[in-house]
Structure formats: C-alpha cells, structure tokens
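Participant: Here are the chains, one letter per residue:
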Amino acid sequence: MRIPCPHCGERDVSEFRYGGDATKTRPKHGEGDLKAWHDYYFLFDNPKGPHTEYWQHVLGCRHWFKLSRNTATNEIGEAS
Amino acid sequence: MTAFRRLEKGGRIDRGKPVTFTFDGKPLSGFAGDTLASALLANGKTLTSRSFKYHRPRGIVSAGVEEPNGLFTIGKNEPNIPATTVDLTDGLAVQSQNAWPSPDFDLMAVNSLLSPLFQSGFYYKTFMGPFKKSWMFYEPFIRRAAGLGKGSYEKDSDRYDTAHEFCDVLVVGSGPAGLAAALTAGRSGARVVLVEQDSEFGGQLLSERTADLEAWRKVQLAELASLSNVKIRARTTAQGLYDDNFVVLLQRHEESDAAKGKPRQTLISLRAKSIIFATGALERPLVFSNNDRPGVMLASAVRTYLNRFAVAPLKRAVIVTNNDTAYLTAFDLAEAGIAVTMADHRKVIPSDLLSKAAMLGMAMFPGTGVADVEGAKQVSRVQLAGAHSASIECDVLAMSGGWSPAVHLTSHGGIKPIYDEKLAAFVPGGFAAAHFGAGAVMGRFGTQAAIKDGNDMGARAVADFGKTTKPVAPPEGKDRAYHILPVWLPAVAGKGKAFVDVQSDVTVKDIRTAHQEGYVSVEHLKRYTTLGMGTDQGKTSNINAIAIMAGLREVPIMQAGTTTFRPPYTGLAVGAIAGRTIGHHFRPYRLSPLHDANKASGATFIEAGLWMRAWYYAWAGNSPETAYIREMELVRKGVGLADVSTLGKIDVQGPDAAEFLNRVYVNGFAKLPVGKARYGVMLNDDGVVLDDGTTTRISDTQFYLTTTTAQAGEVMSWLEYLLQVHWTDLKVHVTSLTDEWAGMAVSGPKSREALQLAFPAADVSTGNLPYMGCLEVNFDGVPIRLLRLSFSGELAYEVHCPADHAHALWEHFLNVAAPLGIKPYGLEALASLRIEKGHVAGLELDHRNTLDDLGLGKMAGKEKAYIGKELRLRENLQAPERWSLVGIELMEEGKKLRGGSILFSASDEIKGHGRGYITSVTWSTELNKFIALGLYQGGLKHEGEDIICAFPLKNEQMKARIVSPHFIDREGARLNA
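Quick mapping for you: the protein sequence lines, in order, are chains B and U. In case it helps, my numbering puts the first sequence at residues 53 to 132. In case it helps, my numbering puts the second sequence at residues -7 to 969.
The following block holds chain U by itself, in its conformation from the complex:
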C-alpha cells in the first residue's frame, strides 16, 4: 500500500548521493538532504507507529519539530526521536516503537477495543483507588501495553560537549524574517549569532518552488557567511530563555565520533545583549472523526515533502482548510499532476483562489468539512459533509486549521501570550527590554512582511548599541492577506474518535469529560487528560484544546488562557546537559599535598566531601573493618603518622587579631600567650555551633587558626564577611593556608621519641613543648610548626609545614622513626580514636546542636561578648530535655552498634523517633566492645541507664547503656605525659 512516491526531479535532495539506512532491521535507501521522515514516506512507509493508548495505526503528520506521531528509536538507545528532525545519514539504524511485533501487525491493537477504559481521568479513577495499592498493581501492565519508546540502561557511547558564548544579537530562526534580521544586524558590525534548528537555513523558503525566493535566500546567506562578525549555526535549537538574556542552545553535529573526541551534541550557554525571535509559526490540525489515520497530514507538511524532498502523494489528494494558506499546497500538488479535491470550511472564498483552482482543474467544495476518514492502515477515502456531501478516494488528506505563532521561547521569561481574534491564534504578549519579534511569530505571515520585520528589528537591536545599518532588499512580490475562519470542533459528528492530541491519544470526548467533571482550567485539563504532556509538548494540539475548552465553558479563548511554556523547546539528550561532567569528572576532587606519599605508603582512599582521603593502609590489612583496628592499636601502644592536611588553615594577622578571635570564639583568646594553642568553638549568630578547632598564637599579632575539614570554606568566608562588612574598624587580615600548608599528626605514647628522632636539634621535652604548646623548628631550611595537640587522646603532635615539603617530611618520619615501629594510620582510625576520647566531629557538629548539647557549655565566657551569645540563651536552646551528647556502650555480645540507630529507654515501646540517635560508632580496642557517641534526650542525666538502640533498616535491636562520652583517660594523663 504505497501512498507516496519520489519524483524524478525537483526538490533539494541530492540524487547523486544515495544513502542507505535500516528500518526495523530492513535496509532502505534515500538521498542526502532527506530527513528520516521524507525517506520513510518515499519508501512507502506511511504507517510508522502505533498510538500511545489505543495502539491505533499512525503515520507522519508534519515536516518539523512539532511532529506528534512519527517517533522512533535511533541507534541502540535513543527513544522518541521525531523522524522529521533526523537528517538521513548512511548507516542510520531506526527502530519503530510501541508496536509489537511491528507497526503493521500489532498485537496490542486490542487496546483499541478496550477504549472505553482509556478515557480521560482513567488513570486517576481506576488506579488511584479503590484501595491504596491499585496503581502499584496495575502499573506494570499499563506500561507494557501503552507507552512510548524504551530508555536504555546502557552507558551512552556518544560524547557531548558544553560551551559558553557571548554575542550582541541572537537571531532565532532563519526564515525570511530571521535572515533579514541577522543580516541587517550583521551589517552594522555587531556580533551576531543566527541559529536554525533545521539542517538548512531558510525556514519556509525551503518549501517554496519559486526561483526568485531561492535566489534571494542564497544571496543573503552568502553575505552572512562573508561577515566575520556573524556566526551562523544550523542544526541548532534555542531550547530555553532564562534571566539576563541567557539562552541555551543545543547544537547537533553532522558528524560525531566519540573515539576521535568529536561530540554528537553541544549545549551552548549563550549570553546575548539582545534577542530577535524569528521563530515562525506552526500549522494546526483540524479536528474530525478519524483524523489520526496514516496519510492525514498537515497541508504545509505535504507541500514541504513535495517541494523540498520531491515526495508526492501517489495520485489523489484531498485538502481541507479554514484559511488561504492550504491553497499553496493545493496549487503545487495540482501543478505536480496530483488530482486535488479542496474542501474549505469557509462559504466565501477569495475569488483569485477560486479562479486559480478552476484553472488547475481542482474540485472545490466551499462551506464543507470532513465528516469521516476511511482506511484501516492508510487513508483511502474521505467523507465530506456540510454545504456539500461527497465521498472521495485519496492517498493523502492534507489539513490546515490555521497557524499558531511559535511563541514558546518568547514566553519562557514569564510573559504570557495573548489571543488575537483576527488571526485566531496566540501571539507574544510583549517583550522584555532588548527582545524583538519578527515575522510569523508576530502573526505577520507573509514573506514580504517577514523581511520588513526582520529589517526593522535588526536595525532596532543594533541601535541600542548606537550602531547604524542598512536594510536587506526584499525579492519581488506581494503578500496576500491572511483570512481564516476559526474552526475548532468537527463540522459534523463522525462515528470515529476525533483526536485533539494524537501523541497522547486525547479526543474531543476526553475534553468534554474533563469539562463535565470540573477540570476546566487549562492546567487541570492538561493534567487530567494528559493533553500536551507528550514529547511534542502539544505543539500541534494545545491551541485546539484550549479553544474547545473555551467553547465548552462559553468564555473567550483569551480567558481560557494557555498553559505555561517551559524549556526545552524540543527534546534533548540528557548527555548534552551533562556534557563532560560525567564519570570522575562529575565533580571536582581535591588531593592532599600528601596524596602521593599516602599512595606510596599503601593507602586506600575514600571520598570525604571533595577530598580523596587516606582511609586505611595496606600494612594493617586489606579491608577497612580489620585495618582500622590494627591502626588504632598502633596509636594507643606505639606511634602512628596520619595526614591531616585537609584541615582548614587560616593565617590571622594584624594588631586586632586577638580581639577578633576573642569575638568569634565562645572562649577567650585575648590573653592566649604567644607559643600556645587553644581549642576554640565558634557559633553562628543563632547560637548554634558552627565549627571547632585549635588556634595557636604565633606572635602578638599573628595566629594560626585551624578549622574542621568540612567547614574550612564556610569559616573562611564567615571571617571575611565579619571583617569586610561589619567590623571594618578591626585591623585584621585573614588568609587561607589550607592549600599552602600541609599537616600530619604524630600520635601515640612513642610520639615524642619519634619527634626527637625527626628533629634531633629541637628540644621537644614537656618542659619546652607542653600540652597545647607550639614550637617552630627547622627542617632542611624549611620552617615547621610543631603543635602539641591530640585528637586521639594520646600524647600527640601535629606537624605543619609548607605543602611542597610535606612529602619529604612524611618520608623522613617513616624512615627515622622506623625503629619505633611508626606506621601511617588513616581516616577510619582517626575517626575511631576520637570517639574513644569523646571528641566531637562533623557528625556531631551538624549545625543543629548547641554548645550545651555537645557538653561544651562551660567553655563559653561568662563576661565576654562572643558571636551567638544572645541567641544561644533562647529558652528552647537551654531546655533541659534537649538531645545532648552521651557515650553509649553495647551490652550484648556478638552484636554490633550501628550509626544512625534510634535510641529508646529500656521501658519505651520501640516506635517512632525515639529519644535520640547514634552519631558515630566504633569498635573500641581499649574496652574491647562497641562504643558510640550519640544524642539522647536529657543527655548525661541518664548516665548508667539501660537503653535500646533500634536499627529498623535491618530490624535489629541492641541493648546498650548510657555512659560518659570520655571512654578513655578521663583525667588526661596521656595527653600531659
């Protein structure tokens, strides 16, 4: 059943370049210059798919991005691509979708017989009740029987790029308006970008057959190409318009090859000073019985296939219209030797059209529409009714319901389109500054009008930058006025379904149902019926639906309004959005200056925020569960070396440095002696803990401040804010040393010996370097800061040095202290040692806890002012029953404590959110049991009480006891050793 044929000559295809492609595995051929759609039609493939809900046979409707039906899976894994937007290329592999085993013989077509089930609101009514799990039960069946193409779980093998560009004037669309606008703007010397979604420039001109227009097009393109300040991009769609004239363009490359680094698509973020919208207009279908049969197409599309692709209906065409433009199709078809029957809803037709129709021997039926369409898999006969009745055999039924300006992009910024009664269409509702509309998008449909508009808007756009230009000369010709008789509903009721949205299978009856049930707002209509929710986003269906609903409500169409147009304008690959930020480029990662040293020491790494941190080392085992325990024992009994370079490090200098720190820390820093370190806690203004760390006084006017790894950036920014915005009178400067300095912890009872071996000339005795003391030493001419601090609770030091020298210092420690058995220990052991000691860290400092919650309330200065002091004293933050820090010991052998467990008292029913939760958990090598830190209602008032730790994810309950969070060395004997 072939309804179309390829003409011997004509069109823009290159008959010298045959192209072979496969359709459902079978080889077919076309020509360079074809789209997949034109090639399928030329091969007689009029039935291309089955519909979404009813599995009705469907064919290609349009010749552009608005295509609702002709969706295919391209290659292995890209579903739902409109055939009308795919350039035909050699080796293109195309699969039909939503039909099994093939569109011609579809077993699922039985859905058609079940159609009463699939009326609007069907999903809501049937599956959202009567019992809660209905939808979950039915969903897999529905998905299998109806739907679009299938996505893939395979990795996208193509490469994608992103780019950033700037220009003075962006012109969207290259029809006569866009070409004129781009050239007029370009002649001024302004930087112009012209984008065209099609593979060729020209828009509507590509579907014309007059030599004059083609000559005009070529002249303009040649001049555009000659201007170095103008960039022209075909296959590039303006997908979205955002604040600040930020436009997202999607460029589809003609060739792509991932192996050679050639991307398939590039997502361009373009910032334009001004934008000229020359986006054209989309033709609307008419609504009538069985208007979805393959072979029922938009009139302009039939003309495009004829003139651009040399694909013509076999012998006979029926055209139904309510406006003048379909006559262009009719005349071109008649001149190509096709027998044309014209049905025009209008009783009065302009006389020039009538006389030309008569001259070409067309049958004319004024005041007549379509009653029904026959033909199971391809239109075979059309029943006309109205002023005339007739039954006409045909190969194609071309329809035109009028034109809808492509206002989508113009309204992304939030300006809603308005309804123009005379055009029976929505037009842009206005423009923001430096935005202009030209041509058909403004409802000015003629070529001459478009060129004039393009000239005017091009000149206006560049006038904003004080530039002058000269307009483009139009070709000879005169526009005819646009006459339309709005027709929204079938002229006569037919027996079959009258589709409004063919992609989502929504009919007139569905809209009536929605209206009857009160879903009368267009936004509700859309969601209740799924109208316009397909991949085409209702480009051909929305306006008809709005008009039908307005009619049912008996309100003007403007009052019914449009749904919101949102980006993207057409579908785009997720890969294009991701660009190269995939795999290990998904986000940046940071390496410690000791990264290579860690690697050489056998570290396994773990991501911690953006950092790659040494997790555990090979000497201790090959799994974190066992390795960290050996590493903990090393630190408790000997000496270990750990990389702590990720700590935030800030140099604070200036005559007011002490005063400044005294304000930001809750505890006093004003009187900290030179050469001493102090543990400090900072609050936010709201009195909640921001961060903790140690700060060392290097001199009267210089401090070395450390922050937690996680809050390093936040604290730096906060200190800068205070100094630059609020405390401008303080003479203090802060500089981040986080990347410039490295740090390593030397911990364990033998750490002083290790230090002495490393720096034999230094006096590291307790007398000279007591707990919380600081000593500057020299290592190969490099200044090193020794800070006697302990995170683990053991005798320990932090050794800070310029980052470039850290690797050498790390190796130096491992070499000279080898006789002491020094080994590196990782993040897991670091974090576990501090739990035993009861030191809080990121898991406890979660921006919800107060000083008192963490047991640090006594640190706060009573007399002095500090940030957060006032709001810290809010009643609720002082409530005695707040969840606060406790230690937890597991009381059951053979079980594990788990982080995140919910805490209950022994007598509670195990239900709900409990009285707290576990923040950090570890095996204690000292106590030989699982221990944890947690937050518990009332905190240490409950010390000694039995609790239940519930872990519902694994359905576990553990008996435990509240204890002091300081599991080891409560007196600090080890620290001070």
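For reference, chain B alone in the conformation it holds in the complex:
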C-alpha cells in the first residue's frame, strides 16, 4: 500500500504504523465507567469495505492522522 501522509505526501506503507479503529469515541479522561471503557477498548465492528483508521507516519514526520481504507481491497482514500 501507499499512504498519503497529510504532511509528507504519499509514502510506502512500511513507513507507517497502524493505530486502530478511528470511528470510536474515546471516553474523556477521568470520565466513563468500566462499561464505557470496556466497550471503547474491546468491542469493534469488523467492517468489510470502507473504514476509517488511525495511522502514524512513524518513520517520517510522526504525524498521527485518520485514513480511510477499504478493508476488502486495501483501496486508500482520504487522509486527514
């Protein structure tokens, strides 16, 4: 895959690290009960098709960003 880093431009996937599902809302720090954190941390949809994920340009500018990726085809969409 080639990933368009919002800061550096398109680079090979080997420069990036995957950071998980970006469609979930993290409970605010110090807020949220056990169930809220449990659901946030452990329960994921497993969509086939377009998905939004966190990625970090870890071997580049270290920017964390959201990337849309099709989980079935690895087609890469917008990065923000």
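Heads up, none of these hints are tricks.
Simulated crosslink set (EDC-like; lysine to aspartate or glutamate; CA at most 20 angstroms straight-line):
| # | chain 1 | residue 1 | chain 2 | residue 2 |
| --- | --- | --- | --- | --- |
| 1 | B | K80 | U | E855 |
| 2 | U | K265 | B | D64 |
| 3 | B | K76 | U | D721 |
These are calculated hints, taken from the structure and not from any lab test.
Following the hints, complete the assembly by docking chain U onto the known chain B.
Facilitator: Just chain U now, kept in the frame of chain B:
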C-alpha cells in the same frame, strides 16, 4: 535411440557460437540461443528424468515455463529447474534428478510395479493410520524412493538484489499483443515497462517461420528501444500481483558474478499505475493411455523446437488434436520433410486444412484419437482408434488439447476466471480498475486480433492519464477462427495409465477414486491426489482435471470451478526474496553511542532486541557465567560503570507537561518538585502495565522521561497518539532523545566518591543531591544531568549527557576514579543486580501483568485519574489468586535454578502448567545461592512456603522457597546512604 536431430540451417540459434555444457558430468554441446531443453533434444536426450511416484521414464513435454517433466538440478544446489527456461551457457552443469544411478537405468523403477500402492489418497490412507506414528515410520522410505530434486544445506554462493520501480503502464508479455500494447502506450510518452519471461521478445512470434512476422517484430522492438520512456526487460517474470498495483518481478541476469557484485537475480517491486496483461495462453495436453512416454509432446512445443531451435523429429511424427492450431505444427513439420500422420478428434475438419494436408502428403485420420503409445524409453509407435484404427511408427507424438489462457496473474487479486464454452477454456473473470487484458489471455488467439487488442488496451491505459497515442500498424495477414472440440478423457480406454498431471503422477483413475470417495471439490481433489501441487503448479494439468471432475459430477465445468491461483507464477530462488538482507544485514542493529568505548573497555556484546549491548567485560573473566559474578561484587563493594544509553529518553515540554504526565502515569507527577526524579508506571487503556521508568522535573514546564529499552519506541508513539489525537487541548510537545543522549550508571558504595572525582566543582553530597535528586553540572562546557537513581539497589547515579560527549565522559570516569577501582560492568550483571533488589524489568513487564501482579498496586493514585484506571479494576484483574510477583530461593545445594521453570507447591503432582513460572534467575553474590523472580498463584500470601521448580526440558526438579522479592536492603539504607 535418437528421436531428434539438429537441422543444418534455420532457427534462431547462433551456429557461430557453440556452447559446451555438462549433463550428469558428460560434456555436450549446443549453440547460443538454445535453451537447455532444445540442446538436450538436439543431443538426442529424449529421456531426461524419472517420474515422481512411479519412476516412469519421462522426457521434455513443452518449450516453456509450463514444463512438468524436464526438471534438473542446475549447478551445485538449485533443484527442480525446468530445462525449457534455462538459457544454454558455457560451462552450465546440469544434473538429472529422481533417478539413480541415471534416468536410463533407474533402480527405483520398481516403484512402477508397486503402482497400486500409489493411487490417490495413498498417503492419507496408509500413513495417517492405523497407528499415529505410521507416517513418521514410513516417511524416510517414501522420500527416498519418490520425489523431486534435493535441496542443499550449503550457502548459496550467488548474489541477489532487490529493487523498487515505478511506472505508468506495465505490460506483461511481449507477444504480438504485448508489443503492440507497449508501443502504443510508449508513443504517448507514458512511462512504460515491458517484461518478458523469455530470453527474447516476441512470444509466439519467435516460433513462427514467416519473414513478415519477424520483420514486424524487429520494427516494433527497434521503436520500443528508441523510446527513452520505455524500459524493456527480457528474462523477467511477473511473479505476483498484489494490492495497489504492486507487482513483483523476477529478473534473471544473463551474467552473474558474486565476486564482482553482479547479482544472479533481482527481485523488483514495481508499482504501476495501470497494467496490461498480455500473458498469452498455454497449450493443454490430451489425456490417453501412456501419454507420458518420452517423445509425447505438446504440438506447439514441437513447432517451437523446429522453428526456433532448428531441432526436428528424426523422420516421422504423429499429431493428435481437437483443434486447428496443431495443423500449424503439422504443416511446418511436413514442409521440413518429416512424414506426418494427423489424427483429429473432430469428424469434420475445415476444408482448407484438409486440402493443405493433402497437398503436403500428410496421412489424415478424422474422428480419431490415440488408443495407446508404445516404446519403453521413447515413443516408437502410436495406436490410433476411433473412426479409424491404425498403428503408426513415429519419433514424436505431438498433441494439442486446446489452449488455456494464462489467467494466473490476472486472478492473483482475487477475481476468479470464468469458463468460456466456445473456447473450452477459462478466461479472466474481469479486471480491477486500470487493468487490461490483451490477446490470447482474453481468448483471442490470432496474431491480428492480438495486435488490435494491444493497440486498444495501450490507448485505453494511457487515456486514463489524459494522454493520446497512435496505434501500431499490423503486418499483412488474416486470423483464422479457432475451432475446438472439447476432449477431456481418452477416446478409447487403453491398457496403460492415462496421466492428467505428469509431474505429480496423477492419472484419470486417481481422479475417479477421489470422486468416488467424496473429494469432489477441486480444492479437495487437488489435495487428495496432489494434482497441480508440483513445481509447475498444474499449468498443463489443472484444466483437464477440472473438466474430468465436472464430467464425473455431471455439472458444468464453470460449476466445478478452478483452484485459487497464487503467486509466484514460476519458481524463484529464495535468495531473490532475501536479496541482500542476509547475514549481518538480516536486520538492522543499533549501536550505543558508547559502543566504541565499550569495545575499548573489553566488552563482549550480545544482541538485545536490535541493540548490541555490552554483555560483560574482559577484566571480569572470559565467560558470562563467571564474569557477571565478579562484576556484581564490584558494584556491591566498590564502584562500577555501566552503559545505559539504550534506555528510552523523552523530553516532555510545555505548560501542560505536568498535567500530561499525571495522566499517563498511575502515580502522581503534578506536584513533583523541580530537580526531583520519580519512578513511574504507565498502563495501557486495558489496565495492564505498559512500561516503567523514572522521570525528572527539569523545570516547571520541562521533564526528562526515561522508558525501558524494549518499550522506548512504543511509549513515544503512545504519547504522540494521546497528544495528537485525543488530548489536543494539552500544550505539550514530546521529543525523543534516545539517540541524542547517552546514559551511564555509576553504581556502588564508592559511587559518590567517583562522582566527586569526576566533577570536583560540583556538590554531590546527599544534602545537595539526595536519593531521587537531579543535578545539572558542567563537563568541559557540556551540560550533564546527574540523577541519583538506583537499579542495582546500591548508592548509585545515572549520568546523562549529549551522545557525542559520552565516550569522553566514560573515559574520564575510568581515569579519575581508577584509584577507587572503578571498572565497567555489563548487561548480565545489571540484570542480576536488579533481581537481588527485586526490581521488575522486561521479563516481568510482559504486557500480561497488572500493577497488583507486580506488587506495585499501592503506587496507583486513589483520587486522581490515570490511563487504565477503569479497566484495571476489572474483576478478573483483581482476583486474589492471580499469578503475582514473588522471590524464589533455591533450597538445594549443587543445583541451579532455571529461567522458565514451572512452579508447583510442594504437595502438587508435577504435571501441567503448574501455579506459575520463573521469569528471571541469577546467582546472588550477597546470599551465596541461586535466587529468582517469578509469578506464583496467590503471590506473597505463600511467602515462606516450599515449592518445586520443574524444568521438564532437562527433566530437572529443584526444591525452592517463596520469599520476598526484595532479597537485599529491604529498608533502602544503601540507596539513601
């Protein structure tokens, strides 16, 4: 017994350049332009190998990558290479395989008589039962008697490379379709790469004899060569297609010389914006009795050997076909003076073919197939049956069962091919965006159609980038329609075996057996019979097998389906995949800024993750087992110097830095005074320990954070994630100093004296630099951070400085503190000293343990929020019987404790996973016995109890006792000295 001969003239070989090679040690000759296969045939070597299971005599079948039989070991150590894909070069050394002592006289041919044993499912039925170890018992015998070439344990002496490339249009295959596509795309100015697996460009054109076509080929190649935006690569196979138009190409170099750095093969990772597949088609064999005899070949291959390599059958050829294309072979053979007998399964044959056959004096048998083939080591006679019966003597039997488009690469992306009834073949089932198919791979078999396709697809590919182009002019000519009568099974039952897959020795009978036993899916058929599982991956056999199974199941062929095509398309050397990442380049390694200093101090190094770390030093001994004990004693009684530069070091700055650290650490950092350090533990969101380390407050808004060596990258990334994604309101910036700063530990009762000698102007008294204090001093104008921390449990300091100055500082310590007896100590002693002190490290922080498991539960702030707080309190993570940290003392003299030992209570039966395990073990110089840290069910509730440490690998059991993990100085008197 010579069945082939080299013609005096013709062909594409260079008779002016003779080439000498050896076959099983005997010298043979050929010409430049030969393949190994054509040279062997020209030398009369029709019997080239013995088959996989039955050791039946076999010869070369094809002239291309689909070759199932003609496999050889090339050089010393490369087995299973198809002779049809090897360029003949001077000095080439070729060994036959799977035959002993030679293919001509094979003692293992007795397997042929045992053939009832080797029917399908034989392995499963015989060796997977009746008792469990059957397979282990039989396997060595089977492997010896049947199989392919042998691998080698020797190092590959060749050099391999990898490369990365980009292009606009990749064209795979250089037949008429590929040439037209590449040129049409190239004329637009687009960056084009054309790859051809053969040593020459032209594909099918290389096997033609018309001057027009050769002239056309040369004109196109000349124009391609003239375009600077077009790269053409021969001997380059597109091995696999992956996501995002990522194609792996294997380039085989004409010359290679490891000594001169010239690689033998290069694996190219190519990213193409669009791909044109012009991969052509492969001819199918027909299935009939004894169709595996040497001299039974694909009709197109016979034509290629005749026209391209000037290798012709001696006198007589029989051709059997179900379609028109074999007539091209027949006519060319007849024109070369070979007596040709034609058997055509079709009763009605196009009249132009009949009249030309008559004109050339060929014997014609319409509605006729092959009943049997005679000739022990070489075909000598063919029995024809059907509408006509005849027995014909011959040197070669050429067969054509029709053509299968080479859909392999097109379907690597997951698009399955579909069956075309009219062509009796599978064609691509569609294309992803920016993928195009041209020519025979689409089932359009004529030269004219291929060129038109190439033109069209070349234009379409570049139109996607808004470019225009003009098409390639085709040569004069007209395609004839492709007529085929599907024939899958022998027309008449013969006496011999009718092979479907000659490489894996799978017959029609095996497929019937699989069907009878319920293995009817093509994926099951494949695995039950081993059909298509050889090095050729069933290129000639799969479609016949699928059709036969469909027939047995009485379903349409499309419904039977194909097996999944996977990369690589042809075999490739593992060395090519590795490229240069071999030996010490296998993975990168990191050197501490003190690496040279360590070396000068006599260090022996050990790999720790990617780091090369100083393990122990020569002054203490020449084996780690003894050296670390002397180094430990040095630290406990005097003063030692250790390199701790591998620790993760992070500069945390900003007005919200304290708040930020207060959130990520379980313990409080908000009120840490300037000039003080604090030990902190971080959790993951799930409440499991992520990392620990000390963090020092440099100023109100600046902290110096250290992590463990192993988690340095992970923690940095995690902090960045929190700040950039979730806590964007916090004004904090983190910067990794791991590479910019070095660290060294000065440890032992005499460490303060050493520090004073090193920095005479600084006040390092306890008053000014207490335990967990921080002091900035100056060394030759360089700012140095002195942190009074202790991993060993002794009075100790960490001295951190910019990496460039670390070497000088290291030497400075060793020089000025020499009167105190300072010496360096290594990783083994570092790790052992902390066990005595009961400090947890990577072996305990294994991402499965909670704060409470590690005895650190009291650190967590009760009131404040911290990451992992909520999920840390999950019921199971708070269970009292969790395995938690304990100290362990060996109670038996003369034995050793071993890391990884399984722990049992003294009354347990020694069986299963026990109640815990030992994480870290060391000899204690203080206690004069082996001690360990471990995790034990219920933890320190069992302090004082006797346990058994079992080490099944060595069948050892040691009596031990659960004790506090703090083996020394429980009160911390030494730390605070």
